[in-house]
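> If you want the building blocks of each chain, they are given just below.
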Amino acid sequence: MQLPSLSELNLGLTVPALSLALWACILLVIDLFIPRDRKSVTAWLAAGGVVFAFIANLLVYRDPGVAFMGLFVADEFAGFLNIVVLLTAFIAILMSVDYLKRTGIERGEYYVLLLMTTSGIMFMNSANDLAVVFIALELLSIPLYVLAAFRAPEERSEEAGLKYFILGAFASAFFVFGAALIYGATGSSSLPVIVDAVGRALAGEGSSLLLLLMGSGLILAGLGFKVAVVPFHMWTPDVYEGAPTPVTAFMSVGAKVGGFAALLRILLVALPALTVAEGDAVAGWQTATWVVAALTLILGNIVAISQTNIKRLLAYSSIAHAGYVLMAVAAAGTPGVSDQATRAALIYLMAYMFTNLGAFAVAMAIEKDDGSGTSLDDFKGLGRSRPLLAAIMAVFMLSLTGIPLTAGFVGKWVVFQATIEAGLYTLAVIGVLTSVISAFYYVRVIVNMFLEDGEGDPAAAATPYVQWAIYLTFAGTLVLGIIPSLVTNLSGPVALAVASLVP
Amino acid sequence: MVQTEMYVMLAVVLFVLGTLGVLLRRNAILVFMSVELMLNAANLALVAFARQWGNVDGHLFVFFVITVAAAEVAIGLALIVAIFRSKKSINIDELHQLKG
Amino acid sequence: MEATGLSLVTVVLFLPLIGFAIMLFMNERTQAGAIRWTALGFSVLTFLLSLGLWALYNPDDPGLQLVQRINWLPDYGISYYVGVDGLSLLLVILTTFIMPVAILASFRSHIFEERGREKLYYLFMMLLEWAMIGVFVVQDLVIFYVFWEVTLVPMYFLIGIWGAEQRIYAAVKFFLYTMAGSILMLLAILYVGINAGTFALPEIIAAIQTGALSFPFDGLFSTQGLLFLGFLIAFAIKVPIWPLHSWLPDAHVQAPTAGSIILAGVLLKMGTYGIVRFCLPLFPEASVAWAPTIATLGVIGIIYGAWVSYAQRDMKKLVAYSSVSHLGFVVVGIFALNAAGIEGGILQMVNHGVSTGGLFLIVGMLYERRHTKAMEAFGGVWKALPLFGAVSLVIVLSSMGLPGLNSFVGEFTILMGTLGSNILGFVFALFATLGVILAAVYMLYFYQKVYMGELDKEEIRNLEPLHWSEKAALVPVLIAIFLIGLQPAPFFRSMDASVDALVRHVDESVPEVVVGNLQMPE
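Residue numbers (our numbering), protein chains in the order written: chain A, 1 to 503; chain B, 1 to 100; chain C, 1 to 522.
So that you can see chain A by itself, here it is in the shape it has in the complex (with noise of 0.2 Å):
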C-alpha cells in the first residue's frame, strides 16, 4: 500500500483544530511553570490559543477542501460552525477567571481541558468518516466529564460528573455499536462511501436494509445524548446543576453544536437516501427525527415551567431549544430543502449561542461563591439593585422566547421557514405553540427582576471578565436581531458545502 506524502494529507486545513490540540498540550506543560496565584496568565494564554484558531479559521473558510485522505473535510459548514465554537469558547475562559478564583477551584488544567474539548468539537464538525466522528465525539465528552467534576471534592459537582460520564459512556457505546452495523452493511466507514453503497444496499437484498435501519437508528440514540434530545435528557438538568457555572454554559452550547455537526454530516451526506417504503420521496430519518423534536419542544418546555433554579430551568431550555434545531433537521429530510435547513440549523445554532451564553453569564454573575444564588428567587428586586445587568437578562430572556429584533427571533424565524418550506406543518404549528409556552418562564425571570420588589439581598458586583463576556454576548444577540444579513451572508453557500461533498 502506498504511503500519502505529507503533501497529500493537506494538513494547512486542519490547522484550526489541529493547533488548539496541540496548544492545549503544550499549555499543560507551560502551566507548571506558573504560579498558582497568577493562574490567569494560563487564561490568556488559552485565550491566545482561541484566537489564534479563530483567525486559521477564517482564513481556510473560504477555501474548502479535504484533509487526511478525505477523513477531514474543511468547508463553510465546518467553518461556520467552527466560529461558534471557538468564540463559545473564548467566551467560557472570560467566565471562567474570576468564576475560578473566587470559588477556589483555580487550576491550570482547566484551561487545558476546555482547549481540547473545543478542537474535539472542531474536529467533529470536519468529521468525514465515522471512525473519525467517535474519535472526536470522545475527545469532546472526555475532558467535559472531568470539568464537570471540577469542583470536586464538593459532593454535587462530583455527582454530575460521574452522571455525566456514565451515560455519556453509555451513548457512545451506542454511537460505535450503530457504526459498527453501518459499516457491515456498506463495507466502509467514509461518508461519501456510505451514500454509494445505501444506493446499493437498497436495491439489493433486505438484511443490509435492516441494519442500516439499525444502525442509524443507534447513531441518532448516541448523538442525541449528546444534544440532550428527549428520550435521551435525563441527565441534563442533573449535570448542568452540579457542574460549574461556566462548563456549564460551554456544554449547553458546545456539545450541542459538535452533536449536530455531526449529526447533519451522517444524515445528509451519508444517509439522504435512506428510505424506509420504496419510491418514497423523503428520508426514512425524517419521522424519526419529527417525532424526537416534538416530543422534545413539548417536554422541555412544559417541565421547564415548574423549575425554580435558573440553572435547571436554562437546562430544559436548552433541551427545548436543541428540539428547535431538530425540527431544522428534519425539515432537511425533504429534498430541495435541505440546503435551507442545515443553514437555518447553522443560524439557529450562532443565535442560542450568544443568547444561552449570555443567560449563563448573568445567572453566573449573581451566583455566591459558595454555589448557592442560582434560584429565581435570587432575581427579585435585581431591576432595581443592578438595572443594566438586569436589563440585559431581559433581552436574553426575551430573545431565548423569540421576540424579534434578537437573535432569537431570527433564529426561530430561518428554522420556521425552513420546516414549512419542507411541509411540516403540524410539526411547525407544534414549534410556534411551544414558543408561547417558553414565554411562560422566560417572562417569569423578567417579572422577578423588575415587578417583583426584591427582599433577598442584593447581589455582588459583576466581575470584570465576567462584564466584559454579557456584554459580548449582548452585542451579539443585537446585532444579530438587528442586521441579521451579517449573518445569513455568512452562512451563504454552507449547505451547497455540505451537499457538493462527495468526492
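A hint or two may mislead.
[Stated by the list, open to error] According to the in silico footprint, chain B covers these stretches of chain A (three or more CB under 8 Å from chain B):
(1) 138-149
(2) 182-196
(3) 326-340
If you're looking for bench data, these hints aren't it; they were derived computationally from the structure. Glycine included, C-beta positions come from ideal geometry on N, C-alpha and C.
Chains B and C: place on chain A using the hints.
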C-alpha cells in the same frame, strides 16, 4: 467458516446484555463494566464485518475504540474514586444531591 | 414603486427612536425635568411631521405613497418597505396625536412617587411610539410582524412596573395572550411569503390580482380559510373581538393612565387595521365567507360590552368594557365589505382612539385626586370643578355618539354600510343600533354618578384644580372631537381612493357575491 451473521448475533446479544447492565446495576463499577461490554460487542461486530468485506476499515475502527475505551477507564475510575472518598459508597442510587 | 430616497415616513418612524437614544444618556436624578420635556418635545415633533405626511399625501392616488424600500434580508425576500395610503394615514396621525396626550397625562402622575424610574418610563413610551408607527407604515409582512411583537415589550413593562396592585398578573396575561395569538400569524405569514416568493405586501396583492398567486378556497376551513384565521385570530385578540377579550379589562384596570390611553387609543386599532390591511386583500374569498360569522361576533361584542359596562362600579372597568362594545362596531363595519362600512370603520377607529383616550384621561385625573376608581367615592364633581365637568361632558357625549361630535359620524357611516351590505344587512344594523342606545345608558349613568349630585363629600369639595399639564392634555382631545364631528369630509376624502381600490379588489376576487358599493353620504 462461521458465518458473519453468527458473530453479529453474538455481538447483539452482548450489546443488549451490556445495555441491561447499565440500566439495572446499581454499583458504579459494574455499570462501568457493562459499558465496556457494549463497546466490546461493537468491536466484535466491527471485526466480523471487516472479515466479510475484506477491508481494514473495521480493524482500524476497533483500534480506536480500544484506545478510547482505555482513556474512558482512566477518567471513569478517577471519578468513581473521588466519589468514594467523599461518600464512602459507589451506589448510584445514593447520588441524589441533585434532584431529578 | 421602488424608491430609495429618504421618505418622510421613515423620518416620522425613527424620530421617536432618536428621542429614545438622547434620553438614554440623560441622568435620571439631575435631569428628570429635561427627560420629561424631551419626551414631550419629540412626540409633538413627530405629530407635526406626521401632519406633513397628510399635506404631501395625494388623496386621488389609491396606492402607496411616500414609499421607501431597503433590502434587509434579500436571500429571504424581506425588505424594509414603508409607505402610507388611505388605510394607514389617519392611523399614523392618530398614533402621533395620542402620544403627546399620554405623555402630558404622565407629567404629574403619582406613580413616580411610588415606583420611581421615571426615565425608564419615558424610554418605554418612545419605544412604544416607534413600534406603533412601524405597525401602521410597514408594507413587508415580516417587518410588520417584528413591529407587532415589539409593541408588546414596552407595554408589558408599562403595565407591569407602573400598574396598580395586580399589575404583574395583568401584564403577564397581556403578554401571553397577545403572543399566543400572533405566533400563529407568523406561520401564516411564512406560508404566504414562501408561496409568493416575497414578503412585500403590495407585490403579493398584485400577484393575487393578476392571478399569478392564489390560495385555494373551497370552504371555511380550506387553505385560504385557515390562513385567514391565522391572521384573524392574532388581530381578534388585539381588537379584542368577543370572546377573546378577557385580557383587556385586566390590562386596562391595572395599567397606569398613560398606558390605558395608549392601549385604548392605538394598540387596539392595530387589530382592526390588520384586518383591513392584511385579511381582506390577501384572502378575499375567505373574508367574504367568514364575514357573517365575524360580524356576528362583533355584534355580540357590541351588546355584551355595553351590558357589562353598565354593571361596573369601577370607572376604568366601565370604560374598558365600553371599548369592547365600540370596537365591535368597527368590526361590523369592516365586514360589511363595502366602501361605507370600511371607511366608517377606519374613521371610527380614530374616533374611538380620541374619545376613549379622553375618557381614560379624565378617569385618570379623577383617580389622581381620590386614589380610587370606585364611582361611589365621587359625586358632585361638576360643582367642585365646573370647567372639568364641562369638558368631561363633551368627551362622554362624544363617546355616546351625539350628533355634531366625532363618533356620530363614524357610527352613522358604519350603520349605512351595514344596511347597504349584501352580506350583513338589516338585522346586523338593528343590533348595532341597540348598542348605540345602550352606550347612552351606561355613559350617562357614569356621568350622573360621578359628576352630578350634591356636593356632600368633604374630599370632593377640596378637589385639587387641574394642573396646566392636565389642561394641555385635554385641549387637543377637545379639538379633535369637534373637528372630526363638524368637518368629516377631508377625513373621508383621504381614505376614498384606497378603500375603493380595496373594495374593488375584493369584489373582483369574489364574482359570485356582488358586494354592493354604497355611495358616501354627502
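> According to a criterion of three or more residues whose C-beta lies within less than 8 Å of a C-beta of chain B, is the region 326-340 of chain A covered?
violated (count 0)
> How about the region 182-196 of chain A: do at least three of its residues have a C-beta closer than 8 Å to a C-beta of chain B?
As far as the region 182-196 of chain A goes, the hint holds, because 6 residues have Cβ atoms under 8 Å from chain B.
> Confirm or reject the coverage of the region 138-149 of chain A by chain B under the rule of 3 or more residues with a beta carbon closer than 8 Å to the chain's beta carbons.
Result for this restraint: holds, n = 5.
Checked against the numbered hints listed earlier, the structure breaks hint 3 alone; every other hint is satisfied.
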